[in-house]
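**Student:** Single-letter residue listing:
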Amino acid sequence: MSSAREGAGGREMHLVDYRNAAAIEQVPTRNGFGEGLIEAGTRDANVIAICADLAESTRMEGFKKAHPAQYIEIGVAEQLLVAMAAGLASAGKIPFIASYAMFNPGRSWEQVRTTMALNETNVKIAGAHAGVSVGPDGATHQAIEDIAIMRVIPHMAVVVPCDSVQTKKATLAVAERWGPAYLRFGREKSAVVTTEATPFEIGKAQTFREGRDVAVVACGILVYNALVAAEEVAREDGIECAVVNNHTIKPMDEAAIVGAARACGAVVTVEEHQRHGGMGSRVAEILAQRHPVPIEFVGVDDQFGQSGDPVELIEFYGMGTASIKEAIRRAHARKAGVSGADPDPRSARDSARDPFAEGS
Amino acid sequence: MQTLSPQRLTELRLKANDVRQGIIRSLEAAKSGHSAGSLDMADVFAVLYGYVMRHEPANPEMPERDRLLLSCGHIAPVRYSAMANFGYFPVEELLTLRKFGSRLQGHPERVRLPALESTSGPLGEGLAQGVGMALAAKMDGKSWRVYVVTSDAEHQCGLHWEAVMTAGKFALDNLTCIIDRNFIQIDGSTEDVMPLEPLGEKYRAFNWDVIECDGNDVASLVAAFDAAKRVAGRPQVIVANTVPGKGVSYMEGDYTWHGKPPNREQAEVALRELQTDRERILADV
Chain A
1 MSSAREGAGG REMHLVDYRN AAAIEQVPTR NGFGEGLIEA GTRDANVIAI CADLAESTRM
61 EGFKKAHPAQ YIEIGVAEQL LVAMAAGLAS AGKIPFIASY AMFNPGRSWE QVRTTMALNE
121 TNVKIAGAHA GVSVGPDGAT HQAIEDIAIM RVIPHMAVVV PCDSVQTKKA TLAVAERWGP
181 AYLRFGREKS AVVTTEATPF EIGKAQTFRE GRDVAVVACG ILVYNALVAA EEVAREDGIE
241 CAVVNNHTIK PMDEAAIVGA ARACGAVVTV EEHQRHGGMG SRVAEILAQR HPVPIEFVGV
301 DDQFGQSGDP VELIEFYGMG TASIKEAIRR AHARKAGVSG ADPDPRSARD SARDPFAEGS
Chain B
1001 MQTLSPQRLT ELRLKANDVR QGIIRSLEAA KSGHSAGSLD MADVFAVLYG YVMRHEPANP
1061 EMPERDRLLL SCGHIAPVRY SAMANFGYFP VEELLTLRKF GSRLQGHPER VRLPALESTS
1121 GPLGEGLAQG VGMALAAKMD GKSWRVYVVT SDAEHQCGLH WEAVMTAGKF ALDNLTCIID
1181 RNFIQIDGST EDVMPLEPLG EKYRAFNWDV IECDGNDVAS LVAAFDAAKR VAGRPQVIVA
1241 NTVPGKGVSY MEGDYTWHGK PPNREQAEVA LRELQTDRER ILADV
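Sequence order for the protein chains is A and B.
In case it helps, the working numbering puts the first sequence at residues 1 to 360.
In case it helps, the working numbering puts the second sequence at residues 1001 to 1285.
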């Protein structure tokens, strides 16, 4: 389970041996949400679940069966989902509200800001099917701006766990932590790298792999890709990466981010989200002020997704293992001051141009 | 059906008059804010705080209190003036309306003043929160009721109707929505901007009980709220027909007073008229 490259941090994390692909179990993160929610409802009868016509796919179905008196179905009404939950929270309930991230919080941003955050109500948004990995449904259903629109709201916690086991823990932690929160998870099966023994605390980033050359700061299901990429660049290039599971976008673990940047001198951020405004942007905000180092951003390049196979889309939009390795090498070269090593031009490019123009 | 003595009705009319005077003073001091809707809802708030609701101003977070939400937060001056005149805070505090550091924000913020029950201003959001509260009361077997004051124009918001549909589904008979039916909004008449009629029929179609009344007549309001409390198995809406700017002659019926305050001279005229009104109320006893 541990190796010479996996340092103290890695051992304390009690991870699955992610280097052995055959040993990796594939489970959707949403399953962890479903399990965590049932347990949260058992621990506290004030925990209620409100669903907008997606009980099965958001995995609220199990809660509905286990705690029917704590379950409310409201149909396709995502603005209501938030505002009504704020009312229930005002009267002492702890509502989890679920739909696809594209609509919850995608459709309800102003209700989230006013009735949840400004009004300081204890509502928990569960954003399912986030990212391009929702696949064949296409761009309309691929939430890749949600982290950005949630993290700018005062008081809002934003949590993006890395696998199904961690999503269960995150669901329980969000239920027990007072305050408005956004919990993001995905549809597809994804690698399980943590175990029951792996610790989890909101606001505490986790070093999953030790390394001194480049710090790879990742969240969500791409943490696994980051780990695989780190192993490959170690083998192929001799670059040793630290891999940080930065599951809490807000409040972000600033000490961990600054510590990783200081130790490694270069950072790569990895998220299934627009490069603009997401987890990587927050990392850059912190490091710009506290410890500037070269940063490369892995994420969607200011564009919309499309239908396709989840793995194919992750690769196409530049978030696959090969893209992460390229970003690591680029960050490493920039840190070393290698001539011609420039930041990835895609990160600096805005798509606010005529989309129908020739060659765009 | 008359449920209150003439003396009690007179007391409520005097309270409504106090509330109107507080609105004029606070808006004049604030130099901005919404006059017409605030004035026309003074009678509703006087009846709610003075007759309808279970509440204790000295104990604003009493668990068994009835909840009152102001969905159309821009008419906050009427809420604040009513709260002050019913003892939630000193009447002098009304002069801090919209000023830096005040609990009396331009639009209501519950965190600064918990008795407000909700944070409001963005329209169409109040009933949804009221539905959540009423449902929580039902889930917990509580007897407290929820009152949500709405403007007519916010019935143009989609979210409001999501809430109307939901209250019907859950048969929330502990929920009463009050509509300030004054027919005005910023750009003119509601029926020109985006017609709402037949408003009552719309609610009936969603399984609500519909009660119409004169929203500027205390006795009519008392009867309407009494009728609402008697309804079982359905949420109730009280369509309170009001005259915008009610109580101040030069504002009455003029939509241009929706979003502006009286200046010093206008406020003096308004307060003189309201004082005359007050003497008339007392003389009627």
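Think of the hints as simulated: they come from the structure by calculation, not from any bench.
Keep in mind that the hints are not guaranteed to be accurate.
Just a sample of chain B residues kept apart from chain A, beta carbon distances all over 10 Å, derived [as the list claims (entries may be wrong)]:
(1) L1014
(2) Y1088
(3) G1101
(4) G1259
Derived EDC-like pairs (lysine to aspartate or glutamate); straight-line CA-CA distance at most 16 Å [as the list claims (entries may be wrong)]:
(5) B/K1169 / A/E12
(6) A/K169 / A/E201
(7) A/K204 / A/D53
(8) B/K1138 / B/E1064
(9) A/K65 / A/E110
(10) B/K1169 / A/E201
Partial chain A-side listing against chain B, Cβ under 7 Å, derived [unchecked claim]:
(11) V76
(12) A77
(13) Q79
(14) A91
(15) A117
(16) V258
(17) K335
(18) G337
(19) V338
(20) S339
Given the structure is predicted, the values throughout are model-derived calculations rather than measurements.
Heads up, the beta-carbon is just placed ideally off N, CA and C, and yes, glycines get one too.
**Student:** All hints are to be evaluated individually against the structure, with a verdict given for each.
**Tutor:** The hints, checked one at a time:
1. L1014: holds (32 Å)
2. Y1088: At roughly 18 Å from the nearest Cβ of chain A, B/Y1088 sits farther out than 10 Å, so the non-interface label holds.
3. G1101: holds (17 Å)
4. G1259: holds (20 Å)
5. B/K1169 / A/E12: Roughly 51 Å separates the two Cα atoms, so the pair is violated.
6. A/K169 / A/E201: Holds, because 9 Å separates the two Cα atoms, which is no more than 16 Å.
7. A/K204 / A/D53: Violated, at roughly 34 Å.
8. B/K1138 / B/E1064: holds (13 Å)
9. A/K65 / A/E110: Given pair A/K65, A/E110 is violated - Cα atoms ~32 Å apart, limit 16 Å.
10. B/K1169 / A/E201: violated (39 Å)
11. V76: violated (9 Å)
12. A77: Since chain B brings a Cβ to about 4 Å from A/A77, closer than 7 Å, the hint holds.
13. Q79: holds (4 Å)
14. A91: It holds, given that the least Cβ distance between A/A91 and chain B is near 3 Å, below 7 Å.
15. A117: Result: violated, 10 Å to nearest chain B Cβ.
16. V258: violated (32 Å)
17. K335: violated (45 Å)
18. G337: violated (50 Å)
19. V338: A/V338 check fails; min Cβ-Cβ to chain B is 52 Å, beyond 7 Å.
20. S339: Violated. Min distance 54 Å.
Hints 5, 7, 9, 10, 11, 15, 16, 17, 18, 19, 20 from the earlier list are contradicted by this structure; the remaining hints agree with it.
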